[in-house]
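Got chain A; can you put chain B on it based on the hints?
Protein chains: 2
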Amino acid sequence: MSTFEHGLADVTPILTRASERLASRFDGIVSAETVERVVFESYATLARSARITEHLPALAEHFAGDRLTALGQSRGMIPKPHPEILFVCVQNSGRSQMAAAITTLVAGDRVNVRSAGSQPGEFILPAVREVLSELDVDLAHQYPKPLTDDIVRAADVVITMGCGDACPLYPGKRYEDWDLEDPAELDVDGVRRVRDEIRARVERLTEELAPRS
Amino acid sequence: MSTFEHGLADVTPILTRASERLASRFDGIVSAETVERVVFESYATLARSARITEHLPALAEHFAGDRLTALGQSRGMIPKPHPEILFVCVQNSGRSQMAAAITTLVAGDRVNVRSAGSQPGEFILPAVREVLSELDVDLAHQYPKPLTDDIVRAADVVITMGCGDACPLYPGKRYEDWDLEDPAELDVDGVRRVRDEIRARVERLTEELAPRS
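Taken in sequence, the protein lines are chains A and B. Residue numbering for the first sequence follows this note's numbering, starting at 1 and increasing by one per position. Residue numbering for the second sequence follows this note's numbering, starting at 1 and increasing by one per position.
Here chain A stands alone, though its shape is the one from the complex (with noise of 0.2 Å):
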């Protein structure tokens, strides 16, 4: 048996910093044991299929972040003027991530956008990158994110592609599925016709949710 050569350093007080950080600002929304422990799940979540842990406490945090004002949201005790769209897929390294980054360029704050994957990646295919440049898109905030309850529950809308059985289901949301070439196995020239197709479909659905005024 040999000792073990880890490849991630104890983060419990970097975390605990960020868990501090976020109970002050979730202050009376949510509880700080809940928060801690959004903060720390999120991190183990993330570390579990993330390649790159240098970012990972960052990420944990802003991931923590965003899953609370989700739930916060849900209660009804953050405000959500806008619709709340839910792109999944299966690694959110693809589909999904074009699909939020391409609903933003084309409505803007007429709507709030999430993505997530039912079985997240090691990172955002190069590919999905390239051709989002070509519309003047970074991603380069963006990571691969794992499905979790509170997404969902804030969500108004879920689009699937690709992973509708991973998704749980609650009334009074709006679920569909989109039918697309998964990036993972196209080449560049293949992206980008899945990237016009989910353009196309992102207009249509937030020309019907967030009529432009």
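Heads up, some of the hints might be wrong.
[To be verified] DMTMM-like mimics (lysine to aspartate or glutamate), calculated; alpha carbons at most 20 Å apart, straight line:
no.: 1; chain 1: A; residue 1: K173; chain 2: A; residue 2: D156
no.: 2; chain 1: B; residue 1: K173; chain 2: B; residue 2: D196
no.: 3; chain 1: A; residue 1: K173; chain 2: B; residue 2: E208
no.: 4; chain 1: B; residue 1: K173; chain 2: A; residue 2: D10
no.: 5; chain 1: A; residue 1: K173; chain 2: A; residue 2: E208
no.: 6; chain 1: A; residue 1: K80; chain 2: A; residue 2: E208
Just so you know, these hints were derived from the structure itself, not from any lab.
Chain B only, in chain A's frame:
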């Protein structure tokens, strides 16, 4: 856009009752709000990987109960009379399931044991069930579970098998990596060989941690 035919039913009432039962069981140890979050997030995370959805709410309640026990243990509010061993592999469908079952077989209640996967599989491998049944070990009530922060926290010894980088590192624990073949890539004879290798390692480990009196 087609209406989405969904594989999962709305389980909110079932999970709400499960949350109430667990909140009562963990009263004074974990807040009702945190219990509810652990139950619903356990459901969401199992739904992402499980192939059979029929028993998911019951599995989610069981998994949440074990996670809350682990949380209570790591906070010193639930006694932990024996060393706690955690086995982690990629899918929690082969190696770590065998190791956990064999540990119970070999060491009985001299130790407690848990297992988890960094990318939980859809089901436990049939060949793994078969070679364990040859030892009169029944995995009927076992299922692949994701590696969560609470379970890592409660462990005294963490044994990783093919997924070292995916496991958070906390101080005061013993980490070891066991280099074993992946049963998913072996025939039954190969799985039997891995089982016997695991048994030899488990006997050494448990004799060291908790010698027979």
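>> So if I understand the rule, the pair passes when the alpha-carbon distance is 20 Å or less; does A/K173 with A/D156 pass?
In response: 5 Å, holds
>> Hinted pair, alpha-carbon criterion (20 Å max): A/K80, A/E208. Please report holds or violated.
In response: It holds: about 18 Å lies between the C-alpha atoms, which stays within 20 Å.
> Is the straight-line distance between the alpha-carbon of A/K173 and that of B/E208 20 Å or less?
Replying inline: 54 Å, violated
>> Between the alpha carbons of B/K173 and B/D196, is the straight-line distance 20 Å or under?
In response: Not OK: B/K173 and B/D196 at ~26 Å, beyond 20 Å, violated.
>> Hint check: B/K173 vs A/D10, CA-CA at most 20 Å. Holds or violated?
In response: Given that 20 Å is the threshold and the Cα spacing comes to 11 Å, the pair holds.
> Going straight from one Cα to the other, do A/K173 and A/E208 come out at no more than 20 Å?
Replying inline: 15 Å, holds
When the structure is compared with the earlier hints, violations turn up for hints 2, 3 and for no others.
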